[in-house]
Each structure stands twice: as structure tokens, then as C-alpha cells.
Amino acid sequence: MHARRSFPVFFRALAALGALGALGASAAATRLAAQGASASSAVTGTFHIVWADARPGTEAPDDHRYALVDDRGRWYDVKIDAATLATLGGARALDRRRVTVDASRVLAPAEADAPMPVLAARAVRLASPRSVSALEAGVSPYTVSGSQAYATILCRFSDTPSNGFVSAAPARAQALMQSTSYPGVDDYYREVSNGQVDLSGSRVLARWYTLPHPRSYYVVNNTADLGKLAQDCTGAADADVDFTRYHGITMQFSDKLDCCSWGGSWTLDRDGQRRGYAVMWVASWGLNAATYDHEMGHSFGFPHSHGPYGKAYDSKWDIMSYAYNYNDPTWGSIGPHTIAFHKALVGWIPASRRFAAPAGEASTILIERDAQPEANAAYLVAEIPIPGTSQHYTVEARRFVGSYDSHLPGEAIVIHRCGTDATVVDPDGNGDPNDAGAMWTPGETFTDAAAKISVTVDALVGNAYRVTIRNGVSLGAGVPTLSAAAAELLGTPSLTASERQMLDDAGNDDGTYNLGDFLAFAERTGQHLDGALVGRLLAGPAGTARGATAGKQEAKP
Amino acid sequence: MRRHVILAALAAALVACARSVPSPTGVPEAGALDVVLDTPNGDDGALLVRVSGGPIDSVTSPAGYAVVAGADEGGTHRIIVQGDVVRGVIARVWVSDASRAASYTAAVEQAASRGYAQRELAGYRASILVR
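Protein sequences appear in the order of chains A and B. Just so it is clear: in the first sequence, position 525 is 524 by numbering that gives the first Met the number 0, and no numbers are missing. Just so it is clear: in the second sequence, position 80 is 79 by numbering that gives the first Met the number 0, and no numbers are missing.
A couple of the hints might just be wrong.
[As the list claims (entries may be wrong)] Per the computed footprint, the stretches of chain B lying under chain A, defined by three or more beta-carbons under 8 Å from a beta-carbon of chain A, are: (1) 42-51; (2) 64-71; (3) 105-111.
In short, the hints are calculated from the structure, not lab data. Bear in mind that the values here come from a model prediction, so they are computed numbers and not experimental data. Heads up, the beta-carbon is just placed ideally off N, CA and C, and yes, glycines get one too.
Throw the hints in and build the complete structure from the sequences for me.
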């Protein structure tokens with residue numbers, strides 16, 4: 000299979016174009032850093048997002064780090080506020096690109112209380128011919144297809160004693176990274192990418208390479224120096240590896256690192272090339288299928304996803320959130336597929352199977368299951384822009400199928416709100432994004448009244464769900480039922496605040512939901528008061544037509 | 000003969016109990032009350048009418064309007080009447096005890112024009128007419 004991955008080529012081009020002018024600034028910053036001085040400076044190099052993954056059952060202090068590897072191969076931790084990043088289109092617009100960081104302060108390791116110098120960034124600008132506009136035109140630096148060859152190196156801290164893990168790890172790493180059968184990483188990504196990616200050409204050096212220093216040299220104040228680890232680990236194996244043959248590098252360490260295992264990218268000088276690699280830094284506890292699959296996802300550029308409750312690893316719909324849906328007796332934890340947002344990000348969902356919901360229209364479409372989809376004309380994801388934001392909703396179908404989605408929380412349409420990352424839409428607010436509140440099944444409707452967006456799950460048709468998506472359409476199926484709208488007026492609160500606002504906006508728009516809005520709703524949707532409705536409502540408050548579940552309602556009869 | 004009289008009396012008592020009849024004199028007679036509208040406008044599209052005074056079994060509209068009714072937690076009944084509503088009888092309320100008809104009252108709570116505008120209630124009046 001032909002390999003096509005854009006960012007290594009891109010790195011090489013940028014290095015040739017931009018290295019010369021950046022050397023001076025980089026050197027100045029380094030001098031300042033070495034002195035522990037704090038002064039403004041500009042440092043040019045390649046920007047990397049590296050995601051942190053805490054040991055199961057714990058939380059990482061930070062979700063990710065930003066790093067800069069300058070044009071002389073030195074690396075910095077980059078501190079940058081969200082507002083500054085937002086002006087640039089988010090960190091993903093910078094990731095794996097050559098940039099110049101304007102730093103208000105350059106903190107030496109001792110001053111930063113960290114193993115590496117820190118740039119306190121006040122601005123970041125692209126330092127390459129390729130501009131942000133290229134991203135806006137739909138050019139993704141993350142496109143991942145074809146064979147992704149990874150070199151897997153086992154690196155042993157000089158003070159790690161011999162133990163059972165050290166003995167067993169080489170064979171286990173080899174099985175995970177070179178096996179083409181379940182649940183090897185190759186098998187996982189072949190299935191998840193729907194056959195568009197494999198790990199052909201990968202190699203596991205099934206022996207330990209001893210690092211020149213003890214663990215305490217690389218991990219200071221419980222912060223791992225990812226640059227030192229990458230330099231020394233790849234350096235230890237350099238004589239045995241031609242790094243030019245690989246897109247990615249998996250570094251399996253002999254002990255824990257800091258809080259976490261890590262995944263993302265890094266710039267390295269190896270075998271005569273300075274370029275970016277997809278990189279995984281795996282702690283000893285992470286030698287299992289779930290962690291490898293997850294960290295490789297980060298190395299492809301996937302961020303974390305999560306529920307709407309401020310937790311990093313709570314969504315069982317995505318390997319990039321909760322990776323432990325199933326415990327294989329041999330291989331340990333096995334995670335599910337990743338979500339459609341991530342698959343679309345790297346190009347695994349062809350444009351012909353991504354439905355862009357047109358503004359001002361109602362559309363009824365089929366959404367085929369996310370895992371092992373049938374080769375038909377049904378869409379794999381619907382994407383609904385949210386007006387006034389840079390975000391969108393994704394609508395995807397999840398079914399029990401294949402090796403990895405057979406242990407999902409359930410079978411349903413699942414909706415995410417997506418921006419820099421994806422959040423499960425879970426309106427019941429009960430802290431669990433894996434229960435019925437997040438599963439949209441036939442007869443249920445998700446409504447974002449403020450955005451005038453609704454998604455009604457009409458039916459299950461084979462492996463696909465028929466859904467009706469209304470984008471910017473005020474009224475119709477998918478908004479509250481007529482019975483709920485009536486019950487609200489008859490004395491039984493049955494609408495959410497957003498539903499009342501939606502009906503008023505679409506009705507007489509006088510700031511209050513009232514009889515005129517009800518009349519507009521009934522007439523414009525062609526719905527009628529009928530005897531059955533009367534019967535239900537006369538049963539009293541318990542007989543109202545709408546349940547108590549906030550945000551979900553029955554579809555229009 | 001005496002035995003038959005006793006059985007008939009017991010049966011009557013059971014029926015009376017089943018209907019929760021407040022009156023000790025026998026089974027109350029069900030009946031209908033008309034809700035009569037007086038409106039200052041000729042283009043009403045919907046009315047929300049409150050009916051108080053006792054329980055309601057069901058609601059119909061002899062004038063052909065669409066109607067729907069419900070009770071809140073306090074037992075107050077409201078009726079939505081939808082259509083090209085004009086003055087006169089707009090709804091018929093069926094009650095289980097017509098003898099209590101005098102205790103029922105009606106009031107217009109909301110009115111909307113056929114163009115969906117919410118209306119001021121000055122000039123609107125709803126009353127109960129015992130049939």
C-alpha cells in the first residue's frame with residue numbers, strides 16, 4: 000500500500016525554507032534560558048501538541064503540553080493562553096508546523112522548576128510559506144492513509160532492576176506492534192480506518208536499550224522531559240534503526256514516567272534528517288492494547304474526547320477517551336473505535352459519506368454504522384455547523400459490530416459537539432455520558448433551540464439509522480410535541496426554557512411562550528388537537544404527554 | 000321478595016360508593032355545562048379558558064372547534080379552544096354531578112388572534128351555562 004502522510008514531507012520542506020533566519024533568535028533564547036534570565040525573545044521551530052494520559056483510575060494534571068523544538072534541535076515547553084491560541088484557530092492550526100513563538104519570558108529549567116526551559120508565549124505566528132488559510136481551505140496536516148511504519152524501541156532506565164516486566168516486555172511489545180491479528184495495533188487501525196491504514200513496515204526491536212541515565216534524570220518534579228527521553232531513547236537504538244524508513248516511533252520505557260504516558264509528535268535529527276515523527280512515549284504500565292491504540296491515535300493527531308462533565312476519560316464511545324471497555328483475558332484492556340470527528344479529521348471518512356447539513360433546510364438521510372460500515376450510499380457522519388461559533392455537531396451511528404465496537408455502552412445515534420475537541424451531547428446531566436441520555440434511539444429528538452438545530456432519529460434501517468436533521472428550521476418534527484406545548488399552557492410544565500424560547504421565536508416572538516405561540520406551532524406544523532390528546536391530558540399531571548427527561552422528547556406523532 | 004329488596008339496596012349502595020357520591024340521597028346525575036364566550040374581536044384564533052368549581056370528565060366542542068383540556072396539580076382545569084372562534088358556546092364540559100353546576104365558573108386566561116398575536120383580555124368574558 001502506498002504511504003501518503005503529509006507532515007513529514009512538510010517538515011522537510013519547511014526546514015529548508017526557514018532554518019536560516021531562525022537560528023539567531025533561537026540562539027538568543029537559548030542563551031537567555033541557560034542564564035535563567037527573563038526577557039522577551041523569539042524562538043522559531045516546530046510546534047508540537049503532546050497529549051498526556053494518566054494511568055487508569057487517575058487524572059493527569061494537564062490534558063496536554065505544547066512543545067517547540069527549535070531549529071537547532073533544542074526543545075521548550077510552551078505556555079500559551081487559550082485566547083491567543085483562539086486567534087490562530089486553535090492549537091491544531093499550529094501543530095506540526097514551523098512557527099515563531101514570541102515569548103515574554105524564557106524560563107530556565109531551574110527557574111521553571113521543570114526539566115526543560117519554558118517559553119511564556121505572548122504570540123505565535125506561522126513561520127512558513129504555508130499559512131492558516133491553507134487550513135481554512137480544508138488542507139489538514141493530519142491526513143493519515145496507507146502504511147504507517149512505526150519503529151518500536153524498548154528503553155530501560157539505567158537504574159531499572161531486572162524484574163518480570165522487563166523480562167516479558169519485548170515479546171509483548173512485539174506481539175502488539177507486529178501482529179496483524181486481533182488485538183494487535185495493526186488489526187485495530189485496519190478496522191478503525193476501514194482498511195485505509197495499516198502498520199506494514201513496522202518493526203519492533205525486541206530487546207532493551209539501556210538509557211545513559213537513571214529515571215530521575217528524565218523525570219524532574221514529576222515532569223517528564225519528553226525531549227530528553229526521545230533523544231536518548233532513539234539515540235540508544237540509532238545504530239540498529241534506519242529512522243528514515245519510519246513515520247512513527249514508539250518508545251516503551253521500563254518504568255513509569257511522570258503522571259502519564261504521552262502521544263503526539265516530535266522533531267528529531269536522526270540518520271541525516273531533521274523531521275517530525277509521530278511519537279508515543281509509553282510508561283511501563285501502558286504496555287497493553289488499549290494504551291498503544293490510544294497513544295497511536297494521539298500520534299495521528301487525535302485529541303481527547305469526553306463527556307460534558309469535566310472529566311478526561313469518561314466517554315466509552317471513543318478510544319480517545321475511555322479505552323477500557325473490555326478486558327481481554329490475554330491482552331488486557333481493549334477499547335472501542337474512535338469517533339467520527341476524529342476519523343473525518345484524518346481523512347478516513349470520504350467526502351462522499353460526510354453529510355454537511357445545509358442551512359435553512361430539513362434533511363432526512365441514512366447514517367450507516369461507524370464501525371465496519373456497509374459499502375453503500377449511506378452517510379457515515381452528519382456535520383451540522385453551529386451558527387455564531389467555530390463548532391459543529393457530528394451525528395454518528397454506533398452498533399455492536401466487529402472486534403472493537405462490540406462492547407459499546409449501547410446501540411444508538413451518538414452526537415458530539417466538536418471544536419478543538421469533541422464533547423458527547425448528554426442532556427440528562429447525570430454525570431454519565433454512556434447511558435440512555437446520550438443514546439438517541441428511534442422516536443427521540445435532540446434539539447438545540449438556540450441554534451435552531453434538531454436531530455430526530457426516525458428509524459433503524461438495517462445497519463443504519465434514518466434521521467431527520469433540521470438546521471436553522473424553526474418548526475417541524477424534532478421540536479417539542481404539540482401535546483407538550485399544550486400541557487405547558489394547561490398548567491403542567493412540560494417544556495424546557497430553550498423549548499419555550501424556540502417556540503416563541505418561531506411564534507409571535509413577544510418574549511414569552513404563550514397561546515399565540517402554541518397556535519403558530521400547531522398551524523405551521525399541521526398538527527391538530529385530537530381526542531386522544533384530550534384523554535391523556537385529562538388524566539391529570541401524570542397524564543401529560545411528555546416525560547421528565549430534560550432535552551429529549553418524543554417525535555411528532 | 001324481601002331478599003330481592005335487600006340485594007337491590009346493596010347494589011345501589013355499591014354503585015353510589017363507586018362514584019364517590021357526596022349526596023346521601025342517591026346517585027348524582029351526570030350532565031353538561033356550556034362554556035360561553037363573549038369577545039370584542041372577530042378574528043380570535045385560540046382561547047385559553049380556566050374552569051373552576053369541580054371535577055370535569057371530558058370536554059367537547061359543539062361548535063366544531065378543536066379543544067384540549069387538562070388539570071394542573073391543584074385541580075384547576077384549563078381548556079384550549081382552537082379555530083376561527085366567535086362569540087357563543089365554545090366548549091361543552093361534561094361533569095359527573097350536574098347538581099353542582101352552579102359552583103362552576105369560567106374565565107378567559109389568554110386569547111390569540113388568527114395571526115398569532117397575544118391579545119389584551121379587556122372585553123373578554125367566559126361564563127357557564129347549565130344545559
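We went through each hint and held it up to the structure:
With 4 residues having a Cβ less than 8 Å from any Cβ of chain A, the segment 42-51 of chain B passes the three-residue criterion, so the hint holds. Look at the segment 64-71 of chain B against chain A: 7 of its residues bring a Cβ nearer than 8 Å to a Cβ of that chain, three or more, so the hint holds. Given a C-beta distance limit of less than 8 Å, the hint that chain A covers the segment 105-111 of chain B holds, as 3 residues qualify and 3 suffice.
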